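J.: Let the sequences and hints guide you as you build the complete structure.
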Amino acid sequence: MSPVAIVFLVLAILVVWGGFAASTVFLARRPERTDYPPGAVDDHREDDAPAIRDT
Amino acid sequence: MARWRGAAVRRPPREQWSGQVGFILSAIGSAVGLGNIWRFPGVAYENGGGAFLIPYIVALLTAGIPILFLDYAIGHRFRGSAPLSLRRLGGKPLEALGWFQVAIAFVISLYYTAVVAWALSYFLFSFDLRWGDDPAGFLQGDYLQVSDPGISMQFVPGVLIPLVLVWILTLAVLSAGVAKGLERANVVFLPLLVVAFLVLVVRALFLEGAGVGLNALFTPDFAALADPNVWLAAYSQIFFSLSIAFGIMITYASYRQRRANLTGPGLVVAFANSSFEILAGIGVFATLGFFAVQQGVAVGELEGLTGVGLSFVTFPAIVSQMPGGPLFGALFFGSLTLAGFTSLISVLQVVSAGVQEKFGLSRVKATLGIGGIAAVLSVLLFSTTTGLLALDVVDNWANNIGIVASAVLTTVLVIWVLRKGPELQYHLNAVSTFRVGRAWVLLVGVLVPVLLGYMVLSRVVTLLVEGYAGYPAGYLGVFGWGTIGLILAAAVVLTVLPWRSHTEPFTAWPPYVRDSRSPARSPEPEGGRR
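If you read the sequences in order, they're chains B and A. According to our numbering, the residues represented by the first sequence are 1 to 55, in order. According to our numbering, the residues represented by the second sequence are 56 to 585, in order.
Read the hints as simulated data drawn from the structure, not as lab findings. Fair warning: this is a prediction, and the values are worked out from it, not measured in the lab. Worth double-checking, as some hints may not be accurate.
As the list claims (entries may be wrong) - Examples of chain A residues lying across from chain B (beta carbon under 10 Å, computed):
| no. | residue |
| --- | --- |
| 1 | L280 |
| 2 | Q312 |
| 3 | F326 |
| 4 | P565 |
What the hints assert, rightly or not - Quick look at which bits of chain A chain B covers, simulated, 3 or more residues with Cβ under 8 Å:
| no. | segment |
| --- | --- |
| 5 | 99 to 112 |
| 6 | 314 to 325 |
No residue lacks a Cβ here, since even glycine has one placed at the ideal position from N, Cα and C.
T.: As structure tokens, then:
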């Protein structure tokens, strides 16, 4: 491989895989907010789901 | 209406992912599909090689991730399939856009299944190198038995059987539900895909000529950066690769609990998808380098560097020449099958969710009903001797016109006409750890519709003037433009039909005050009645 091709191979890996690693680390450090707006705690009951007839 | 609200109505909670990891794996499984493996490497090579990295990253950051966030925000705030979410956001006209997206997903599922079925067949063929010395002849002749363009009722058993199998497996996964079906399938198949593909890439790197292939892929052609078509290629690669703008990510985000991080996982999904593309680029071009050296030609002289040609002609030819070829072939086609399958289930979930909610059907009824219709159509159209031709044409129109138009319409209607950008920005920031600024609204509201609008218009003109791949105009009229016509008709009809569930007012959470300088909005439910 030519040096310039190697440089771009390394760049691609650093930027894209680096972005993946950085976003994963960022998410692992702060997986969720700690200060959600009030409400929506009991998620299940507030949501609409498809109505199903029992008949 | 009353009978829907009486004691006979059971309103189970909305389905949910088991948690953040389950959602992320499923969203990556959806984004990583056939295009990552068979489209990205060739597109990168043809559009500047190493230099393509620059427009590619720019496109990811300025269009891919912003549209992904837009889909997440719509689905998560308005908590429904594409038609329901968009209806809650903007009333009936937007519901029609939702059905337009559902119809695109339906059409794509018809032929995507066929490609997964081919990959499954080739996985088995790898073990005895069934294609022999002439993979192109084998694909068109022995395997697909391709005839002239038209409509044939002559079924090809070799395609029919795996196609039916893929449909059965897909509908079984969908019937099992979001957490127990889709998520479990992704939790098993996505890691399996990554491991299989990593083994393949490592093997490819040790082939004689691997460096030649990587050299061809990564040597930058900086002159390409001055060519607008290279930039368009980057935007379209990012756009098609991320599974955005046709309902998948709206649907998937709607299954997250209300208190759930959106943008943080979104970044992980977007970069994971691109990481897999880079990996695929390395694996595919290392393998192509081996082939070029064996043939005594330059990589640029090889034919079939993308799509069906790359996967089902070039790769089989390479596998035949390689020591340990059967294992390599099994890894490649196994990866293709897994990548395709985890995307396929997400495409069909868009359809199933829309039908469940509009018609008040249970998950199993909706899946088997609409999935059954899709399976029959898919078998009729794509397991016959004209399957490959129909697939080529339908794919071109559904993707290049359908999905791109869907993105343009979504951004124009949501951001320009309804001015929902600030509300969706507020929603993303209220629940997420990664904040988006005003730039996000500008990107999805200006850059995306302008660029993609140009893309779809120029494509329409080209197809009208030049036709496509030398097919007869009448055939393109039926399978190409006819597909778009059917998608539009479905969007109108399904919007007009009455809702059989979701008659209660919907309140979006967290509540949004449109502008701090004007009085707060009345506490009436946002986004329409449904």
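J.: Look at each hint and say if it fits the structure.
T.: Status of the hints after comparison with the structure:
1. Interface restraint check: A/L280 against chain B, minimum CB-CB distance 13 Å, threshold 10 Å, status violated.
2. The interface hint given for A/Q312 is met, as the beta carbon of that residue sits about 4 Å from the closest beta carbon of chain B, less than 10 Å.
3. Taking 10 Å as the C-beta contact cut-off toward chain B, the hint placing A/F326 at the interface holds, the least distance being around 4 Å.
4. Interface hint at A/P565: satisfied, since its Cβ lies 4 Å from the closest Cβ of chain B, which is below the 10 Å cut-off.
5. Proximity of the segment 99 to 112 of chain A to chain B, defined as three or more residues with a beta carbon under 8 Å from a beta carbon of that chain, is established by the 5 residues found.
6. Under the rule that three or more residues need a Cβ within less than 8 Å of chain B, the assignment of the segment 314 to 325 of chain A holds, with 8 such residues.
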